[in-house]
Amino acid sequence: MRNKILISLLAVTFTITSCDLTEEPYGFYSDDNFYTTQEDANSALLYTYNAFTFIEYTRGLNSIGDLPTETTDLKPDEGQDAQELYDWRAATISTNLTLENFFKYGYVAINRANVLIEQVECSAFPEAFKNQIIGEALVLRSWSYFHLIRVFGLVPVHNAPVRQLEDTSAPLAPSLDALYDLVIADLIRAEEMLEVNKSVARVGRVDKVAAQSILAKIYLTIASSKQNGVKLYRDMTKDVDAMYESAAFWAGKVMNDQTDYFLDPNLTNVYDVNQPHGPEHIFILSHDRSGANEGNYSKTPLMFMPWVNGVPFFLKYEDGRLVRTTHGWEVYRVSPSFFATFHEDDQRGIDLIHDEVYDADGNVVGSIAQGSFTHPFTVKYQDPEFEGDRTSARPFLIRFADIALTYAEAVGPTTEGYAWVNAVRARAGLQPLEAGLSVADFRQAVIQERAWELCYEGHYLFDLRRTGTVTTKVPQATGLDEDEASFYPLPQREQMLNDAL
Amino acid sequence: MKKRREKLRMAFLVIFTVFMGSLFAQMNGLTVRGVITDTYGEALPGVNIMEKGTTSGTITDGEGAFSLEVTNSDAILVVSFIGFDTQEVAVAGRSNIAVIMQESQLGLEEVLVIGYGTVRKSDLTGSVATVKVDELQDTPANSIERLLQGRSAGLQVVNDSQDPGAGSTIRIRGGSSLEGSNAPLVVVDGFPLGDAGDLKQINPADIASIEVLKDASAAAIYGSRGANGVIMVSTIRAAEGTTRVNISQQTTLSRFDSKLKRWDDPLLMAMLSNEEQRNAGLQMPYRGVTDTQGTYYPSLYEIQSGAWPYNTRWDKEVFRDTPVSSNTSVSIGSANETTSFNLSLNYLNEQGVYIEDDYQKGTVNLAVDHKLSDFFSVSTSNIFSRNERDRNGGLAYWRNPLWPVYDETGNYFTANERDFGHPIARTNHVLDKTNGLDYIGSYGFTFNLNETLTLKSQMNYKHGSTVTDRFNPRDYTEEGFFRNGAAHIENWQDEKLSSETFATWENQFAGIHDISVMGGFSYENHTIKQSQLRAYDFVNEALGNENMSAGNPESNVVGNNLTKRKMLSYYGRANYKLLDRYLFTGTVRADGSSVFGENNKWAYFPSFAVSWNAHHEEFIKNLMVFDELKFRASFGTSGNQAISPYQTLARYGVENYFNDGAWRTAIGPGYVGGYYGADSRYREWRGIPNRGLKWETTTQFNYGIDMAFLNRRLRITADYYDKETNDLLYLRYLAPSSSYDRMWVNGGEISNKGVEITIEGDIIRRGNWRFGSTLIYAQNRNEVISLGDVETTGIQVDNNTGMMYRPSGYEFTQFRQTANILAVGQPFNVFYGYRTDGIVQSLEEGLAAGMQGYLAEPGEFKYVDINNDGEITTDDRTIIGDPNPDFTASMALNLSYKRIDFSMFLNGVFGNDVVYQNRLDQADVRPLRWTQDNPTNDYPRLYSGRQLRFSDWFVEDGSFVRIQNVSLGYNVNVDNLEFISNLRVYLNATNLYTFTKFSGYDPEVGLDGIYWGGYPRFTQYTFGLNMTF
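Which chain is which? The protein sequence lines are A and B, in order.
Counting in the numbering used here, the first sequence runs from 1 upward without gaps.
Counting in the numbering used here, the second sequence runs from 1 upward without gaps.
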């Protein structure tokens, strides 16, 4: 009797106790419960795009692409990271958080793309679907590398997913040639996989034309950098003329082989927050004011708009339109000396850079003249339907005008070259470029045109760098040595923690 | 069939015997009278006298006299009284009996609860402290931990919050983890519940005893949860042969112990505000204009002349005059030979000092033990508790007194559209309430296989859940303003199921070898489930959060998550005692946990202890000095499962990307594990698994001595310990090109060394006088030995000393740094900042000292240029304080005379520093500012928007001695009242006075030493009544 009770009690206890100590994920996706369906793959592709929407990345576009150039002045009491970039403080730049973040988010996109590509390649999804996903992922990975190279030069290469501690350190690419070859091969592959696919539904996505555009930009960067003897590029084995030809080849495809993208005849439409699907936008980020967190929505307009009284105000355009906008923090300011370079008829100086703000009735409520703020400001980023500080203003990553000027610069002072640069000028209300320029003068004129056309869109520093003119054009960069001017150093954290360096 | 008949026959026999017995007793009834005295011949009132084997008994009256009817002349009386040895006295035909009670040899026969068993105090090898719970019962508390302050050496209790229902911070022998919990494990009746600090489910009046397991020998039996020590709580069980009904009522009144720091004179406030702006070259606010935000600031003239008539006493608006709390307990306990039960009910109502800031709790506790047969018994305990917290704290009593409560039209006066601080508006319109439900149950059986072998098994279940309702209306709150009304519901549920099964074998051989062996296993499954609902943008706010679908569906936010831990353990202990003199204990535990990495699934924790009862040796006995002399030594390891679940799995994140006109769910590798940078604007990416992740391991040596002298009236216990914790978990940084920021790894090392001394004395035991005292002294030296691998931890280096450190804790916006750092070679959380050398008195002096710009002007802080480089930079920082006390000490005094008892408890913390981070803003500091006419060296000038540096000016000595508790009680003479056996009334005061140099309200702050302000500490007066039937 006693033993029977005992045995049955023990049996019950053991049953309760039997247990498996393996941990199962709850409430989050992991390697073994994801990438199983096409919807998963689509979602993972959007996750890759998503890497570019965080302020860690979007702030870098302007803080690196514009702030360190003579186009931009900085709010005097802005934080240290922006000050270091604006002032070209080479001594401490390796710990600059803006640069570190921009570096990191480049790789965040790369790793997301790597995992996606690996998973989709070995999947049984239909071929067309695989091409679409892998093609877009390859473009995003290439875009990241291209940006990383332009900012940092030789960078580590991660072409496989990071899954464990051992994968977190990757060596530098052996040479710039090798690095560019990798990126170019990816893009050519993507260009074959993708279709031209432009629609309202695809705002914030890339297609075949984006792949062509990035290829054109890459070839032009190599060509001009090598021609100008820029560090690292001058050691490349590639031929300058062949590179210009390749740039012209790929940009030419964008100019001539498709009809979905073209120069928007109306300049201000390009910056209309409600027309992100406009013909100009080859690659534009996706933000929307209905988002819950910054990154989902954008505060980019606040970086440019003046504070005035800390309340919203109206902007007045040439045609008399009054457009409501949020006030801002006037962090990035149009430098008066750069403003002065615009031709007096240039709509890009007249309609896209302002120095007065208005009330709803069209009365001036703040201006430089009144002392409400000190600098002109660009209105490329603004959203009349802003909600508090939430806007839909999106960074313009690749515009048709950029590729048109890329094409012009690549082909030089040819008929097509003049045609495209003059098309851009005409839209801005300017006369055609002087005819009969030499190749060098023509290219210089195109690059100057790029400054006026693409300022505050994150391009100009790279134009300065590929022409080797950082130290001559940017007052704060005077006296820097070649290393400091050509590339930013790898972030200190990367240097310390990447064991493969 | 035959068996059944036998049973019936047995039952009949039993009934017959009992019946005949009582009949016989009636017939042979005999009344015994007598007087009971102590060895000094003083009569002892209240002594229990029972006839052995029956339920009849009585107690002595005020003169020590008793009278009891016994069944026959051979009856045996059992005479018992607290503090005296129980005696059995044979009546032997006498009708008048005098009994002299011998005072007990205190302590030695005490039985202590340790992990998976009990042990006689004299057989103890490890370091285990007992808290005398009955001394705490006069002070009401939501959870017992609040009362443990200073009551046990090495147990540190910090009650830094006075909010209703607030918990405490508990440490045993210092902190031993950087990222994990440092709270001890609390075990209630054999059920390991979790972190100590908020044991609100259990009414303190239901607690019978508390033991604190401090050293490895005692705590290692709890393995990977034992590194922070263990607090064993045992609840009340009815004693055999008694029936007791107890009612207790406590009513508490709270008052601030010091004056509020507020502006009595609004004109002075306004003048200083103007001065502050003017000094910084800014427009003065109080000049009778509306500023850009829309706030009208009256001019000084308007204030002075009375044209601006308002001077609001916001403190009167937001504080209750005297918060009243009450605590009512009723308990019924009864036990016979086979069944014992205890049922208790408690209702606690705590009023916060802020209006409508309340806490209520009801608890029901039912414990039943039943012996089914000689070899088999079952027991259960069920605690059910429900609480409700209505939050309305933090109201701005510091609000500008120039602002009235209501405007002319009777609406709330708000300074501008974005004035979200109106206390009355918030009180009336903001909803913030949490309802909690807790259940703790255990069901167990004990099986005595034979004389020596016992099997015990216990199933435990804990449930805790809370529902929080919040609504922030469009007007008066920031969130509501920006989101057009904001409604929240938050659900939280914590469930723990565990089972413990162990067998104990005890035997004695040849009269000199005592052996006991225990072995068992346990299983635990702990799940925490949370969900949140948020709705915004309400057309009509009348429903608050009652119907969240009334918000704009597009802005709804939902969230939920769950964490689960599973643990399987095997444990064992062996005790061997030779000749009652030499004691050996060995324990081992193996813990397997789901949160450990797959390469490190099992952890093993051994411990070993020896002790020597030297007072049993002839040569010690011959000294005639020691009643007890015992040496103890122990060594062992225990662990801390500081790992959150799922750190060893790859984890994907979920984000949104706006595509094709809508938000699309985006999923992929890496998730946001945290935020960093100014305003926490940057994301920290995690999700890369560490498959080798493991527990933190603490190795501890303990050497102790127990001594008793003078017939055990003086008792001393002293311990020295040396604890070292390694494999500390920390988040290492990864190369940014990996796309991940951080991952959990093991590394890092901390040491804690300390001394604990407890001295107890029964100073007076004469006649009706009793006077005793307990002194407790504890010191702990804490040192960070390593913060892990230098490169991967983000360690910074102090350029002057080479000291490696890492900022820790809250980053203060005014200082742009944290006050605390974790530094190699230093104690936990030392303060790191600048030294000051008074105030700059002239521009030349300021410039010479290395200051620049306006910071060199007269009236600014004069920082010390520590590295002598001619300027003040971040390299001039050094260690400027230590929040860890040099030592803590407490003294309890207990005095009684006849029916009156008096006790006083002093608690002190010595040698710790406190950061008074907002000292510059205080109403009692600002008027003392530096001016041309007051060139003080103690206070800087007022200067709006000054870039402050964190300096020693903000660091103060946080030492204090508090008259923590004074209690005066009277046991009413109830001899003539048949139905009442005990009636005690008392008056109890907590925090009667605090001796300190600290200039804020109170120096008892969190362990990081940061003082946040808030409101003064309470002095609380409790009127209590305790009745037993």
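Rather than coming from a laboratory, the hints here were simulated on the basis of the structure.
Hints are supplied without guarantee of correctness; some may be wrong.
[Said to hold, decoys possible] Negatives, chain B to chain A, calculated, CB over 10 Å:
#1 THR251
#2 GLY288
#3 LEU437
#4 GLU554
#5 LYS566
#6 SER594
#7 VAL595
#8 ALA650
#9 ARG651
#10 VAL654
#11 GLU655
#12 ASP660
#13 TYR682
#14 MET743
#15 GLN852
#16 LEU968
[As the list claims (entries may be wrong)] Residues of chain B clear of chain A, computed beta-carbon distances all greater than 10 Å:
#17 GLU69
#18 SER73
#19 TYR301
#20 TRP403
#21 ASN428
#22 ARG474
#23 PHE482
#24 HIS526
#25 MET567
#26 LEU568
#27 THR648
#28 VAL755
#29 GLU791
[Unchecked claim] Pair ranges (Cβ atoms, derived):
#30 A:GLN80 with B:PRO404: 41 to 47 Å
#31 A:TYR317 with B:ASN800: 22 to 28 Å
#32 A:PRO336 with B:GLU356: 27 to 33 Å
#33 A:LEU480 with B:LEU282: 36 to 42 Å
#34 B:ALA678 with A:ASN256: 30 to 36 Å
#35 B:GLU179 with A:ASP20: 49 to 55 Å
Please read all numbers here as calculations on a predicted model, not as lab measurements.
Each residue gets a CB set at the ideal place from its N, CA and C atoms; glycine is no exception.
Now for the hints, and whether the structure bears them out:
no. : hint                               : in the structure
1   : THR251                             : holds (45 Å)
2   : GLY288                             : holds (20 Å)
3   : LEU437                             : holds (23 Å)
4   : GLU554                             : violated (7 Å)
5   : LYS566                             : violated (6 Å)
6   : SER594                             : violated (4 Å)
7   : VAL595                             : violated (7 Å)
8   : ALA650                             : violated (5 Å)
9   : ARG651                             : violated (5 Å)
10  : VAL654                             : violated (7 Å)
11  : GLU655                             : violated (5 Å)
12  : ASP660                             : violated (4 Å)
13  : TYR682                             : violated (6 Å)
14  : MET743                             : violated (7 Å)
15  : GLN852                             : holds (15 Å)
16  : LEU968                             : holds (51 Å)
17  : GLU69                              : holds (41 Å)
18  : SER73                              : holds (41 Å)
19  : TYR301                             : holds (27 Å)
20  : TRP403                             : holds (21 Å)
21  : ASN428                             : holds (26 Å)
22  : ARG474                             : holds (14 Å)
23  : PHE482                             : violated (6 Å)
24  : HIS526                             : holds (12 Å)
25  : MET567                             : violated (8 Å)
26  : LEU568                             : violated (5 Å)
27  : THR648                             : violated (6 Å)
28  : VAL755                             : holds (40 Å)
29  : GLU791                             : violated (5 Å)
30  : A:GLN80 with B:PRO404: 41 to 47 Å  : holds (43 Å)
31  : A:TYR317 with B:ASN800: 22 to 28 Å : violated (58 Å)
32  : A:PRO336 with B:GLU356: 27 to 33 Å : violated (58 Å)
33  : A:LEU480 with B:LEU282: 36 to 42 Å : holds (38 Å)
34  : B:ALA678 with A:ASN256: 30 to 36 Å : violated (48 Å)
35  : B:GLU179 with A:ASP20: 49 to 55 Å  : violated (27 Å)
Hints 4, 5, 6, 7, 8, 9, 10, 11, 12, 13, 14, 23, 25, 26, 27, 29, 31, 32, 34, 35 from the list above are not met by this structure, while the remaining hints are.
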